[in-house]
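Here are the chains, one letter per residue:
2 protein chains.
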Amino acid sequence: MGTVRNARVNQGGPKCAGIVGLGLIGGSFARGYAQAGVRVLAWDPDDDVMTAASMGTVAGELNDETLGECDIIVLACYPKGCIEWLEEHAQALADATDTEAIMGPVVIDTVGVKGIVCERAFELAREHGFYFVGAHPMAGTQFSGYAHSRADLFQGAPLVLVPPAVDDALKLELLGQVREMVRPLGFGKFSVTTAAEHDRVIAFTSQLAHVVSNAYVKSPTAQVHHGFSAGSYRDLTRVAHLNPQMWSELMIDDADALAFEIDHLIDALGAYSHALKDRDQRYLENLLAEGDRIKRALDDESAH
Amino acid sequence: MGTVRNARVNQGGPKCAGIVGLGLIGGSFARGYAQAGVRVLAWDPDDDVMTAASMGTVAGELNDETLGECDIIVLACYPKGCIEWLEEHAQALADATDTEAIMGPVVIDTVGVKGIVCERAFELAREHGFYFVGAHPMAGTQFSGYAHSRADLFQGAPLVLVPPAVDDALKLELLGQVREMVRPLGFGKFSVTTAAEHDRVIAFTSQLAHVVSNAYVKSPTAQVHHGFSAGSYRDLTRVAHLNPQMWSELMIDDADALAFEIDHLIDALGAYSHALKDRDQRYLENLLAEGDRIKRALDDESAH
Numbered sequence: 001m002g003t004v005r006n007a008r009v010n011q012g013g014p015k016c017a018g019i020v021g022l023g024l025i026g027g028s029f030a031r032g033y034a035q036a037g038v039r040v041l042a043w044d045p046d047d048d049v050m051t052a053a054s055m056g057t058v059a060g061e062l063n064d065e066t067l068g069e070c071d072i073i074v075l076a077c078y079p080k081g082c083i084e085w086l087e088e089h090a091q092a093l094a095d096a097t098d099t100e101a102i103m104g105p106v107v108i109d110t111v112g113v114k115g116i117v118c119e120r121a122f123e124l125a126r127e128h129g130f131y132f133v134g135a136h137p138m139a140g141t142q143f144s145g146y147a148h149s150r151a152d153l154f155q156g157a158p159l160v161l162v163p164p165a166v167d168d169a170l171k172l173e174l175l176g177q178v179r180e181m182v183r184p185l186g187f188g189k190f191s192v193t194t195a196a197e198h199d200r201v202i203a204f205t206s207q208l209a210h211v212v213s214n215a216y217v218k219s220p221t222a223q224v225h226h227g228f229s230a231g232s233y234r235d236l237t238r239v240a241h242l243n244p245q246m247w248s249e250l251m252i253d254d255a256d257a258l259a260f261e262i263d264h265l266i267d268a269l270g271a272y273s274h275a276l277k278d279r280d281q282r283y284l285e286n287l288l289a290e291g292d293r294i295k296r297a298l299d300d301e302s303a304h
Numbered sequence: 001m002g003t004v005r006n007a008r009v010n011q012g013g014p015k016c017a018g019i020v021g022l023g024l025i026g027g028s029f030a031r032g033y034a035q036a037g038v039r040v041l042a043w044d045p046d047d048d049v050m051t052a053a054s055m056g057t058v059a060g061e062l063n064d065e066t067l068g069e070c071d072i073i074v075l076a077c078y079p080k081g082c083i084e085w086l087e088e089h090a091q092a093l094a095d096a097t098d099t100e101a102i103m104g105p106v107v108i109d110t111v112g113v114k115g116i117v118c119e120r121a122f123e124l125a126r127e128h129g130f131y132f133v134g135a136h137p138m139a140g141t142q143f144s145g146y147a148h149s150r151a152d153l154f155q156g157a158p159l160v161l162v163p164p165a166v167d168d169a170l171k172l173e174l175l176g177q178v179r180e181m182v183r184p185l186g187f188g189k190f191s192v193t194t195a196a197e198h199d200r201v202i203a204f205t206s207q208l209a210h211v212v213s214n215a216y217v218k219s220p221t222a223q224v225h226h227g228f229s230a231g232s233y234r235d236l237t238r239v240a241h242l243n244p245q246m247w248s249e250l251m252i253d254d255a256d257a258l259a260f261e262i263d264h265l266i267d268a269l270g271a272y273s274h275a276l277k278d279r280d281q282r283y284l285e286n287l288l289a290e291g292d293r294i295k296r297a298l299d300d301e302s303a304h
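Chain order of the listed sequences is A and B.
First residue of the first sequence? That's 1 in my numbering, and the numbers climb one at a time after it.
First residue of the second sequence? That's 1 in my numbering, and the numbers climb one at a time after it.
Treat the hints as calculated values from the structure; they're not laboratory data.
Check the hints yourself; a few may be wrong.
Same chains, same label: a pair holds when it works inside one copy or across any pair of copies.
[What the hints assert, rightly or not] The calculated lysine-lysine pairs, modelled on DSS-like cross-linking and capped at a C-alpha distance of 30 Å, are:
id : residue 1 : residue 2
1  : 80        : 15
2  : 171       : 218
3  : 218       : 277
4  : 277       : 80
5  : 218       : 189
6  : 171       : 15
7  : 15        : 189
8  : 189       : 171
9  : 171       : 80
Between the sequences and the hints, there should be enough to build the whole structure, so can you do that?
Right under this line is the structure:
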């Protein structure tokens with residue numbers, strides 16, 4: 001167990017940050033760091049994106065030769081892309097890391113499912129000797145790509161962290177390092193959990209929301225509703241517009257938990273349908289009152 | 001076919017408005033009219049509400065003796081309450097109406113289903129000789145009651161109108177009257193439709209949204225999601241909190257259309273669940289791409 005490097009604590013953030021993948025999330029990390037005066041190195045397979053990012057944001061390319069300059073490396077690509085990058089750069093990361101002194105870049109990912117990425121990343125980190133902490137910034141928009149990225153995307157947003165299964169002292173050290181290294185982004189709240197628990201909950205709060213929203217607009221009635229849409233329709237269908245390639249990969253990686261949530265919702269919806277077909281207003285009122293009660297209790301809890 | 005009364009056209013609204021029921025909607029009509037300098041008469045079964053509303057908003061009681069002073073009467077109670085009030089006051093409304101000159105109060109309702117209210121109201125209006133136009137202001141909040149009503153609740157909101165089956169000239173006259181009489185409320189857009197078409201569409205845009213939101217929070221996972229909720233969860237569950245008595249009555253009155261929408265959504269959701277259980281990422285991606293395409297097309301349409 002080493003001590004936190006003084007240089008880092010004093011400056012309240014990294015001197016240099018590496019970003020892998022300059023989409024909405026990676027681009028926003030890059031812009032946020034650059035705006036805070038942090039030197040940013042980055043890699044993206046799209047040359048046009050690299051060129052665009054080089055104007056005022058990215059100072060140079062992140063590769064085997066330069067990754068040792070980074071205090072933090074943020075993997076901001078799809079699950080498979082994150083794992084591939086780690087496999088290709090595991091040796092260089094190990095070379096840049098001194099596990100005796102707990103010195104070297106801390107690698108985090110930003111993927112919306114944690115099981116599949118963390119399992120392999122923890123394994124690589126352990127085998128080669130570098131530091132990895134799973135991370136899921138709870139922010140985003142219905143738009144994707146570097147063009148939509150913003151320096152303030154993470155301001156006030158929650159960051160969920162998944163530490164490796166190491167001894168408690170090192171775990172606390174790594175979590176503290178990551179919090180310190182992401183300080184310039186302005187996250188509002190940090191949670192620490194396991195990959196399995198994260199994926200179970202995220203299937204409900206995020207993936208199910210996207211599936212329901214996406215399925216909602218498939219009614220034939222959607223084609224004739226002009227002038228009739230109140231706020232409830234707009235809210236329910238906001239995330240129907242999504243990136244199908246990214247979401248299908250995330251959802252397949254969390255398939256059991258998400259299928260459980262969809263099936264649970266299907267059962268719950270079936271009860272309302274039965275009440276309506278039976279013209280059973282008392283039963284319908286009870287079903288609605290139950291949901292209302294649960295929602296109010298949840299809102300009360302999160303207010304405290 | 002008479003002519004529009006000059007007094008009304010010149011002042012751009014009613015001189016006197018009657019409100020039946022001072023909940024969120026009726027209270028907001030009352031406040032909006034009062035703020036625009038319109039004299040407001042009202043009736044509510046709750047004496048405390050009447051007392052509260054008498055302070056600066058409501059000038060007097062709406063009853064058989066006073067309803068003839070009104071240029072517009074707004075029924076703002078539950079479906080059954082609207083019909084009961086109309087049945088009790090049908091004769092007084094007829095006495096205050098001159099169908100030769102098309103003079104007298106225009107009655108509108110504000111109920112979220114139009115079939116059940118319009119059918120009986122049109123019948124009463126025809127039999128007794130007074131004017132009724134179905135209306136659904138597409139505004140509201142998750143809160144109810146006079147205390148939450150606001151003079152600006154309808155600013156920019158859509159108003160859907162359902163005219164009676166009369167000759168086209170009288171129909172246009174009545175629709176014009178209502179538009180003129182609600183001008184002080186600042187509605188943003190007017191649509192004209194039939195009760196059946198309204199109820200079919202509203203089952204999808206509003207009632208289904210409330211059912212889905214209300215059912216969503218019933219997952220056991222809802223109890224453990226603290227710190228993990230992004231905007232998609234908040235949007236999907238916003239209207240889970242609702243008035244069960246009011247909504248169960250509205251939904252039972254539109255039972256067939258709403259049951260159709262719920263069953264359609266259940267089928268659509270089932271496809272995603274199957275894709276997940278089969279680990280069929282290509283099928284899942286196709287399902288998501290289909291919803292994304294529909295959503296984008298709908299957004300493009302409503303932007304024009």
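Here's how the hints hold up against the structure:
1. Taking identical chains as interchangeable, the C-alpha atoms of residue 80 and residue 15 lie at most 30 Å apart only when both belong to the same chain, with a minimum of 28 Å there against 68 Å between chains.
2. Neither within a single protomer nor between protomers do residue 171 and residue 218 lie at most 30 Å apart by alpha-carbon distance, with minima of 46 Å and 35 Å respectively.
3. Taking CA atoms no more than 30 Å apart as the test, residue 218 paired with residue 277 passes in both settings, with 22 Å inside one copy and 21 Å between copies.
4. Taking the shortest Cα distances, residue 277 and residue 80 sit within 30 Å of each other only across copies (20 Å), while inside one copy they are farther apart (46 Å).
5. In this assembly of identical chains, residue 218 and residue 189 lie within 30 Å of each other by CA distance solely across copies; the values are 26 Å between and 36 Å within a copy.
6. With identical chains, the CA atoms of residue 171 and residue 15 are at most 30 Å apart within one copy only, with a shortest distance of 22 Å there and 72 Å across copies.
7. When the C-alpha separation of residue 15 and residue 189 is checked against a cutoff of 30 Å, the pair qualifies only within one copy, where the shortest distance is 23 Å, while the shortest distance between copies is 54 Å.
8. For the identical chains of this complex, residue 189 and residue 171 are intra-copy neighbours only, at 18 Å inside a copy versus 58 Å across copies, given an alpha-carbon limit of 30 Å.
9. Taking the shortest Cα distances, residue 171 and residue 80 sit within 30 Å of each other inside one copy (25 Å), while across copies they are farther apart (63 Å).
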